[in-house]
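Following the hints, position chain Y against chain V.
Protein sequence lines correspond, in order, to chains V and Y.
The numbering of the first sequence is our numbering, which starts it at 1 and goes up by one.
The numbering of the second sequence is our numbering, which starts it at 1 and goes up by one.
One should not assume that every hint holds.
[What the hints assert, rightly or not] A partial selection of chain Y residues facing chain V, derived with a Cβ cut-off under 10 Å:
| no. | residue |
| --- | --- |
| 1 | 41 |
| 2 | 63 |
| 3 | 65 |
| 4 | 102 |
| 5 | 120 |
| 6 | 121 |
| 7 | 126 |
| 8 | 140 |
| 9 | 142 |
| 10 | 144 |
[Stated by the list, open to error] Listed next, the in silico DSSO-like pairs over lysine-lysine satisfying Cα-Cα at most 30 Å (straight line):
| no. | chain 1 | residue 1 | chain 2 | residue 2 |
| --- | --- | --- | --- | --- |
| 11 | Y | 653 | Y | 575 |
| 12 | Y | 185 | V | 90 |
| 13 | Y | 745 | Y | 793 |
| 14 | Y | 1081 | Y | 1096 |
| 15 | Y | 1024 | Y | 921 |
| 16 | V | 90 | Y | 723 |
| 17 | V | 90 | Y | 84 |
| 18 | Y | 746 | Y | 723 |
| 19 | Y | 799 | Y | 766 |
| 20 | Y | 175 | V | 90 |
| 21 | Y | 1065 | Y | 1052 |
Hints listed in this document are in silico derivations from the structure and should not be mistaken for laboratory results.
Given the structure is predicted, the values throughout are model-derived calculations rather than measurements.
No residue lacks a Cβ here, since even glycine has one placed at the ideal position from N, Cα and C.
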Amino acid sequence: MSGNNSTTVGTLRGGNLQNRNSQRSTLLKVVILGDGGVGKSCLMNRFVSNHFDEHSFHTIGVEFLNKDIEINGEAYTLQIWDTAGQERFKTLRTPFYRGSDICLLTYAVDDRTSFKNLALWRSEFLYYADVQEGSTFPFIVVGNKMDVPDSEKQVSTEEAQAWCAENGDPPLVETSAKDATNVEAAFGAAVAAWAQLEARLERPLVEDTVDLSKQQSPHRSSCCMPVSGAE
Amino acid sequence: MVRVITVHNFLGQNVTQIEEPTASCIANASGHEMLLLALSTHCVEVWELMVSDIKLHTVFPTVDMINQMVHCTKEDYVVTLESKLSRDASINNHTGKTINNFVRIYVNWAMVKDQSQPMRARIAGRVTPSLNRPLNSLEMIELPLSVQPTLIACCQSTGNLLVASGNSAILHEFKIETQQVSKMKFIDFEARPWSLGFSFSPTHMEIVEDFISIMDKTNLCVFRLTNSMYEDIDQLSSLTSTNSSSIDKTSISTDSSFVENSNMANQDDNTILQGINSKRKSSSQDLHFIVSENNDSSGISTKFKSRKHKSSKTSIWNKLETGDFRKIKSNNNDTVINLDHLLYNEKDELQKLIDQEVVDGNSQPLTINLPSISLERAGPGHTLSPFILNPSDIRIIIKTNSPDLGWSENYTIKNLLSLKIMAANNKLDGSSELFSCSLLKPLYMRKECNNSCLKKSILRSDKYTYLQGVSCFLCTLQEGYLYHFSATSSNPTDATCLTTYPFTAPVNHVALEHTALHALTEAGLESYTLRLSHHVARMSNDIENLRVTCPSISEPVCLIGLRPFLGIQQLLHSKNYLILLAKAENSWTLYSLILPKLENLYYDILNAARNHKSSSPNTYRHLLGEAHALIRLAKDAVYNCSDINEFDDIANKNGLKLKNLYNQSCALLGDYYIRSEYESDWDFCIPYYKMSGLKPSEVLSRKSSQDAPGLVTFLTDTLFTMKSGSEADALFQGFNIVEIICKLKKPDLLILIFSSPVLREYTTEKLIHLLLLYETDELIKLALALLYIQAEKQEQAEKILEPVSALCIKRIVFLEYLPSRVGRDGHNAAMTLQVFLEKYLHNYFSTKLIIDSSVINKNQIRTDFALVEAFKLLVRSYLGKLTQTKVYKIENKENIQENCDNFIFMKFRPHYLNGMPPYAKDYQKVLNVCDLKDLADIDKTDTEKTIPMELFKLQSVLSCDFIPNECLYEVKQFLETQEIDGSLSLKTLCTQNTEEATVLLMDNCSQAVVQYAKDMYTKDSEWKYLIEITQSKIATSNSRQELQCLYAQIMKGILNYLPHTLSLKSLHRVLPKDDVITFQKCSEMCNQIMHAEHVKSLIIETGQQLLSTLKL
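So that you can see chain V by itself, here it is in the shape it has in the complex:
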């Protein structure tokens, strides 16, 4: 588990239409993938409306929801795309991978097959999302249903961590949509992973550019600058 220690997650968008925050927020498209029945829709519903339905239907095709959150003082709008996990819905869901910012690869801890299929989901996503460099794309691995008794668990945390280590080292979060455990943390981790990657991409920009408008220090007396202010 990593990534959620330093984040604070706050929900901005509620049911009240008039009370919307007009602050400019970053929109992030989050796609939840994983085998049918691992609890993708439940994760989304728990996260967005803090609601859990034990007997929810299969998702058919694709659905999405927008959710405003605040992480580390930054406002984000998470556009969460819930997909149908069954193979027969493949053609309906894959067109919407394009333009994703974050991908949640989900398995259920009591379903070994769903864990094994993570690699398939990852490659399906990379293929259809048309992502050029897979290793740098912000994936999050989510192991859902951690509320089940230990006896029923088929995938251990260590095993999952090992898989992550071999597959580009995405953050791993074990969750329970039913108990509302770590759900917000999972999405928070996702955003953090994205922000980290984004920062890495943006930084060269800053270093290469000379800001001509920057005011010169009035105390400057020589061409040698003190090093204290530098990063």
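Just chain Y now, kept in the frame of chain V:
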């Protein structure tokens, strides 16, 4: 000139603060008017517009940021063009982040109350079953596009989407599909297999039914996507000749069009146009005059042909457009149209052209629109036109990916208007002129007004028959131009700029109502009156028989509102509101202005008009005309096509209210004209009073008509047409009519007496008294005689009539008098009438017919009221006579023969009629007889009866090619209910469709078919058809030998005749291809005949040569 009169008063306004929108649109959904604002926070705010308030109705999320957004009334969806900054590409190239655009459709967007309800997403064309979902849940449909969309347009009536990508666009057809399992209906979109290619990348695009407009800063084009599969055959020919573009099966290929016209440099303004190249018959609309290009007779076989002419830079004169040039036979350089001659000596020059068969003498009046005239019509109406009309480099084409993958589905492009800003048109301050905005607006009427949509086309909605036309408003920096294209117009070159609007400041946005124009300029919001109503009224004049009129289209428009607004960024228009979005520093304000109701505007204009009534009557009339025009269109038009079948109470009440206001406006205009001091104005009061629905007695009791200068004019017209009855009672009882009409000059008074039966009937004695006061000349005596007869004073009538010469009666009066007497007299009178009419027509036509029947101007005859009436009466009289089967007066056969031979129209009677009963035996009857005894009876009855000469005459009259259509129609109707001798022959004469008549004859009197064909056929296709039906008759009658034999005889007759009349080429076209042997003989015969002709001419020639040598 623009008249300034501020009468446009908004009923109120609502204001609220909003966030900065990235896009906006108006939605009219289930009776609610809403404003949709797309925000940068990936959502769309839905504001409900109300009279009292404006409130946030709901918010729905969107996938990406919206750049453009349109609501579609059809099935209530919102279509958006969204863009997303792609992060993928930034890894290697951080400076060049790519933008991906998407077209997405949102359904059930207005229902959202709960933000936690997820939005269902699907790709258009891929079915998503939605069994486990509540109905009407929020849904997003993404169009699968292989290109980057840059612009969207949506047709409000069909729901079709047009998606542009750079300089091409693809139509996505709107569909309602049914899910097989659940039978649930859902909407979908399907891309057509072709695309439109433009010569520029539009920044603005609109689609209304099959009309499309595209625009960028310097180019503007309005065109129609027509489909010959859905058009009538007639229209097809005109389409192929007027396409401004081509169907390109592979790609936009290189075009050699400029080569053709490179040799056209030797032209000046009054160039003698020579080398008339007819493009077969299809060029009835376009005549191309191309210097030193003689051989264009190959027609339009090449796809680019028609475009070539438009694309010529020097082609100002090379295109002559006319709707009336029909027969263009000449194809040599001898035929010259000399414009100078045509201009200064039109009559002679035209006659010359008619003689040379360059133009058809029957098509009068002749209009020729040379390109400069077209430009003038399409231009702004002042000399500084900023446009080039039909520039060579604006082109629209239809593209298909490859011959295998796609086809054009037979769509072709019909250019309506293409304009380009002149490059040299730089303004004084250095800025160049540009197109700032344009819009396309359909005009749907309450009643069906065109029938051009017999078959369903994907581009036409089910309300297409209500579409009167489409208006196009376009703006340059500081001027606006209104165009209107009729839905039915077959002539695409009639683009006429109805009005030019000189705005007070540079214009940013415009909103067009059917009754007013609102322009958002840098000075504020300007509202103007339109000329659309005038134009539509003028167009529909031809359709209605009623004499209608409307204010002149050239009257200056009025600036009816001018309000300053600051910082307005956007102007939107809904049914009842004008929406302004204003920006001030960082805050945005939404103004919702409540548009005045039509009656408010009407009364406000009327009140303003009244202020000028005495001081400036002309201003009064002008404003009255504005108010009238406003209501006139509003009462007939609907806001959008979904309102057409609205029959609720409110709609009815509103319709009634508008109708009343319309009647009032007509009456007020009538009042103005009847009181005008100019005699030329008086005539106008007649149609306006008629349109007002006022009865003549009501007009006379109006205060305005008392002692009005034009009263007599009005009354005269009324009396001409009025029939006795309650209206006449009211008029004559309420007013002393004679007192009013005695102001007429004597000749006018007499004409009125002769032609108005009501006047004679109601005021007999008074008129006698009046006439007795005059000096008695022949005409007065005649009038008096009439009145005495009316008063049943026969003796006095006879006495006064004695000295009047017969010539006077016949020449001057009878035709005025005649129509007023129809249907009142008995048999003898009818006979007299008939004889008189025959004599009259004989006199009328004898001089003309003897010379040449082609000299007779059909149109002139058909528009001459008296002549048409005379024909009608004569035909009715014949029919009447023919129905009296039992009382044939035994007339001497020779007498009949002589009578017939002298009949003026005899020469028109075709020969085949002699082969039909009653002039020949009815073989069909014989064939159908089963009993031999009946056969004897047939024989007996046929020979004994004398055929009435009326039949012969009727046949002759109906055969004239100048017989008014009404007559044919009347006879046709008559024959539907009545059976007379020779009905069949008359039926064949009444139908102008030869195929119909052929079938009729083939079924009922096949003996006459061949002769009929010889007499009447003019086209190869008719022969082809005849052979086909004869063949099928032979094939189907194999059970009855005698019939088969008969049909075989017919076939033989045809085949024997054809070689004599057709060329070998035509013959081959006509003869069926499948049975070569049968028709071989016929071909051979044709060859022999041709050979014989050739030999004959050789012999003659040689003979003549021989003769000339001998003489030497």
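Hint by hint, here is what the structure shows:
| no. | hint | in the structure |
| --- | --- | --- |
| 1 | 41 | holds, 6 Å |
| 2 | 63 | holds, 7 Å |
| 3 | 65 | holds, 8 Å |
| 4 | 102 | holds, 8 Å |
| 5 | 120 | holds, 5 Å |
| 6 | 121 | holds, 4 Å |
| 7 | 126 | holds, 6 Å |
| 8 | 140 | holds, 8 Å |
| 9 | 142 | holds, 7 Å |
| 10 | 144 | holds, 7 Å |
| 11 | Y:653 - Y:575 | holds, 18 Å |
| 12 | Y:185 - V:90 | holds, 23 Å |
| 13 | Y:745 - Y:793 | holds, 27 Å |
| 14 | Y:1081 - Y:1096 | holds, 22 Å |
| 15 | Y:1024 - Y:921 | holds, 28 Å |
| 16 | V:90 - Y:723 | violated, 80 Å |
| 17 | V:90 - Y:84 | holds, 24 Å |
| 18 | Y:746 - Y:723 | holds, 23 Å |
| 19 | Y:799 - Y:766 | holds, 20 Å |
| 20 | Y:175 - V:90 | holds, 24 Å |
| 21 | Y:1065 - Y:1052 | holds, 20 Å |
Hint 16 alone, counting from the list given before, is not met by this structure.
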